[in-house]
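Asks: Starting from the known structure of chain U, fit chain H with the ligands onto it as the hints suggest.
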Amino acid sequence: MLLIHCPYCEETLPEAEFAYAGEAHIDRPADPSALSDEEWRDYLFIRSNVKGPHFERWRHVHGCARFFNAVRDTVSDKFMTTYKAGDPRPDLTAEEAAQ
Amino acid sequence: MTHFSALSLLRNALTGHKNWAEQWPDAQPKSEYDVVIVGAGGHGLGAAYYLAKEHGITNVAVIDKGWLGGGNTGRNTTIIRSNYLYDESARLYDHALDLWDGLSQELNYNVMYSKRGVMMLAHNVHDVQSFQRHIHSNRLNSVDNQWLTPGQAKELCPPLNISSTARYPVMGAALQKRAGTARHDAVAWGYARAAAARGVDIIQNCPVIAIRRGADGAVAGVDTAKGFIKAKKVAVSAAGHTSVVMESAGVRMPLESYPLQALVSEPVKPVFPCVVMSNTVHAYISQSDKGELVIGSGTDQYTSYSQRGGLPLIEHTVAAICEVFPIFNRMRMLRKWGGIVDVTPDRSAILGKAPVEGLYVNCGWGTGGFKATPGAAHTLAWTVAKDEPHPINAPFTLERFTTGRLIDEAAAAAVAH
Ligand SMILES: Cc1cc2nc3c(=O)[nH]c(=O)nc-3n(C[C@H](O)[C@H](O)[C@H](O)COP(=O)(O)OP(=O)(O)OC[C@H]3O[C@@H](n4cnc5c(N)ncnc54)[C@H](O)[C@@H]3O)c2cc1C
Ligand SMILES: [Zn+2]
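Going down the list, the protein sequences come from chains U and H.
At position 84 of the first sequence (counting the first as 1) the number is 84 in my numbering, and the numbers step up by one without a gap.
If you want my numbering, it's the 1-based position in the second sequence plus 99.
In short, the hints are calculated from the structure, not lab data.
This structure is a prediction, so every number in the text was calculated from the model and none was measured.
From the three backbone atoms N, C-alpha and C, an ideal C-beta is built for every residue, glycine too.
Fair warning: there could be bad hints in the mix.
Pulled from the structure, derived: some chain H residues nowhere near chain U, Cβ distances all over 12 Å [unchecked claim]: (1) N111; (2) T114; (3) E121; (4) P128; (5) K129; (6) S130; (7) Q251; (8) A265; (9) R311; (10) M352; (11) L412; (12) R434; (13) T443; (14) P488; (15) I491; (16) P494.
Which residues of chain U face chain H? A few of them, derived with a C-beta cut under 10 Å, are [claimed, not checked]: (17) R28; (18) T74; (19) R89.
Here are the simulated distance ranges between beta carbons [what the hints assert, rightly or not]: (20) P88(U) <-> P454(H): 32 to 40 Å; (21) E456(H) <-> D87(U): 39 to 47 Å; (22) Y43(U) <-> H102(H): 49 to 57 Å; (23) D91(U) <-> G313(H): 34 to 42 Å; (24) G165(H) <-> P88(U): 32 to 40 Å.
Pulled out of the complex, with its shape left as it was, chain H reads as follows:
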């Protein structure tokens, strides 16, 4: 693997960039691995990387039905923040934020983590009270989050309409300065490259058809389009398809899969300095480094695996953006797409051991798991390696839906991402 540096860039520039070596090999499956990870999204690839790096487990395969990073990792709007209400969530997402901080250096791959700040707008008394509650709760957890007046919000983000005659006037905002965005593909590629360099096989275009269990009930391996692969440990990290894969091992999941759409405008000069979310008018927006406005909102109303979604949702989203940013109402949109997100009843992830020996599951990230990528991957690797929960992922069990010990971020009104 070539180490990226100013020097290697210069050397390759001199030869017209024709001699860059392949960044990772396209592996074919071996007959047996110590660990098989189903799903080569950021979470699965990251878990493979941390298994190799922190636990010395390198006989690992990450298997994907499509191309790596082609799931929600490559389809998301890349908002990264950690100002969640509950202690459990704040710990998990803040752990991820700590890892985001050094990720480009750690992977020797620029993931373009940009702490441009995420601002959440309050449009009514309920929003104001709810966001201030978040700010206080975050402060107790040492998570940064601060209150802005409408004037301060406008100063930070000049295109914002703070007119008091707006249908939904801006009454203030919560700002997490440490929050921001990152380059989604680079996260998948960076983890893939670093994992492959430590011996992990990344197997693409190979659907996992079923998880096979032995006579003792424990995991025996996976049946795939390229044949049976033996493994004593299997970790499922298949986002919207997790319940289908888990069902093959006889485990029914508290998940529903919905389309979540996003769209981008034509690229324009820098006009939008931060990320703005509004749960009340229901949309969020940022500007990519390429210049496109990146826009999204909530899921479609019905469950689906079609990876498409309907136009009414796009219309609703764009209407909300024009409400808060009238200057964008003539902006032309370039393309839209959808991903299939796995939603739990309490809108918190499930990350830990499954009720089958040797089976682990990481799912339920729904509309907001990109920000968690390094944290989820890091603690999943721990759990797979040691066969026990990591202190940070311990509350995010599957059992909580039996015991009733939910982590109810859904009710905490931190609706999207």
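Extracted from the complex, chain U is given alone in its bound form:
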């Protein structure tokens, strides 16, 4: 069972309260009709699927119900940090150095 820190509730709670919502920081195209087929493919289907620190969205469904972002190491499943939706990608150099 993962323990996840909700940055809104400011509490660390069991995974059962949360729903995973896919990779984070994927921007909806500003001008959809201008996109080529390759750009649509990248937006809709290509994911980084990294083996290591993964930027991802979670939703505190059985709590405040809000979406937030997290960085989780997909090899150990350890959360490196969580942050509010809309905040920029955190700089991971400190966390990575500490590991």
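Replies: Relative to the frame of chain U, chain H with the ligands by itself:
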């Protein structure tokens, strides 16, 4: 290679089974091969076997970062069926089923393919309509699949609870009689032994670090933990790790890797004659020849390479089994494990040429590629040998995610396996 027969068994019995020869050598890499296959699962080993047998290409290496068959091939719950909705899928999985039929004889290795039947339960009107649609579509494709009433389902599988007061009552079921299970390890071992006998090198404990491309952009070989190996053709068949390997060749894949877990009970006497799947309560179950109940369901919710998965999923799975089979609610579970499965957006495989000369890819089998093993291996070998699609794998291109010509088994509601 010793040929297995009643006679060789008898001969070895007389000497206390002490003189069986090694089944295949543990090869070390040569400096160059005609074809390198990344991943010694059933698919990669099978492709090597068919390359040697059907296309005369024997200067082949299958390279694995661990031991052969230690990936999803050795971790899966071995359900084999072909009653998929779309024509493309039905053709591919039914081709595999045809090959499963003669596989033990072909490999001279007992893969224990058992056509015990796979029954999928319908618990609501949507299930009934969706399964009947599958049955009709399957009939048009000459794939066997038939409708059972709750009474007929119970007759086939006595432990089933068909009480109308159940939270999710059984309203009927779809049965594919030709479907069943096989012994997963034996599939890997059988292909490995038969491929090695034809000259294929199987190299274990040797991670492929990167695919190297030449100045012309074409594949030049692979960098491995045991050094560079030259090859003009490389086929990647690395399941949950495929996107990582492909990225090293500069190809980004429409894949996400999730843990998929399974568990087995303590062994008991034969009690469960077929395979039962329920997508609505979300679990499936069969009984192995050793007597263990083999149980699984869907993937964990988050992507991961941890090969472990979380307990909430196991709890959910076991709750579903107890719902449909109340007689098992005191059964003790022996162990659980996870594998990392490679999931595509439309839940269909990617099998064919990659957009780099000399590079081929077989992946995206996700939660259900064991059943496809002989078919995927057979058509992958064709594509590698001839550098062109096989008529059966032709629709399963990587390009479909650009053109939009998806094979949307995900939307077809055939959720698991
Ligand atoms: C719990 C579970 C239950 C399942 N149940 C079913 C089922 O009932 N029915 C069904 O049809 N399917 C099922 N599946 C899916 C099925 O197991 C897979 O789709 C299938 O076995 C894939 O075979 P493969 O040979 O492609 O992959 P694998 O057997 O995973 O082989 C890939 C190999 O690649 C190797 N590899 C990875 N990266 C590298 C690298 N960099 N260098 C060298 N080698 C590398 C790995 O070590 C591995 O051995 C299940 C899967 C799991 C995990
Ligand atoms: Zn919250």
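Asks: Each hint needs a verdict: does it hold in this structure or not?
Replies: Against the structure, the hints:
1. Interface exclusion of N111(H) from chain U stands, the closest Cβ pair being 44 Å apart, more than 12 Å.
2. Once the 12 Å rule is applied to beta carbons, T114(H) is consistent with being away from chain U; the minimum gap is 48 Å.
3. Look at E121(H): its CB is around 34 Å from the nearest CB on chain U, clear of 12 Å, so calling it non-interface holds up.
4. Look at P128(H): its CB is around 24 Å from the nearest CB on chain U, clear of 12 Å, so calling it non-interface holds up.
5. For K129(H), the condition that its CB be more than 12 Å from all CB atoms of chain U holds, with the nearest at approximately 29 Å.
6. Against the 12 Å criterion, S130(H) stays outside the reach of chain U, whose nearest CB is about 29 Å from its own CB.
7. With a least CB separation of 38 Å from chain U, Q251(H) remains clear of the 12 Å interface cut-off, as annotated.
8. Every CB of chain U lies more than 12 Å from the CB of A265(H), the least distance being 25 Å, so the non-interface label holds.
9. Every CB of chain U is more than 12 Å from the CB of R311(H) (nearest about 20 Å), matching its label as outside the interface.
10. In this structure M352(H) is not separated from chain U by more than 12 Å, as the shortest Cβ-Cβ distance comes to only about 7 Å.
11. Its closest Cβ contact with chain U, about 10 Å, brings L412(H) to no more than 12 Å, contrary to its assignment away from the interface.
12. Every Cβ of chain U is farther than 12 Å from the Cβ of R434(H); the closest lies at roughly 18 Å, confirming the non-interface assignment.
13. Listed as a non-interface residue, T443(H) fails to keep its Cβ farther than 12 Å from every Cβ of chain U; the least gap is roughly 8 Å.
14. The claim that P488(H) lies off the interface holds: its Cβ sits roughly 20 Å from the closest Cβ of chain U, which is beyond the 12 Å cut-off.
15. With a least CB separation of 23 Å from chain U, I491(H) remains clear of the 12 Å interface cut-off, as annotated.
16. Listed as a non-interface residue, P494(H) keeps its Cβ farther than 12 Å from every Cβ of chain U; the least gap is roughly 16 Å.
17. For the restraint placing R28(U) at the interface with chain H, the shortest Cβ-Cβ distance is roughly 17 Å, beyond the 10 Å limit, so the hint is violated.
18. Against a cut-off of 10 Å between C-beta atoms, the interface hint on T74(U) holds, since the closest Cβ of chain H lies about 5 Å away.
19. Violation of the interface hint for R89(U) is found here, the shortest Cβ-Cβ separation to chain H being roughly 18 Å, above the 10 Å cut-off.
20. Between P88(U) and P454(H) the Cβ separation comes to about 33 Å, which falls inside the hinted range of 32 to 40 Å.
21. In this structure the supplied range 39 to 47 Å holds for E456(H) paired with D87(U), their Cβ-Cβ distance being about 43 Å.
22. Between Y43(U) and H102(H) the beta carbons are some 55 Å apart, a value that agrees with the proposed interval 49 to 57 Å.
23. In this structure, D91(U) and G313(H) meet the distance hint of 34 to 42 Å, their C-beta atoms being roughly 37 Å apart.
24. A C-beta distance of roughly 39 Å is found between G165(H) and P88(U), which places it inside the suggested range of 32 to 40 Å.
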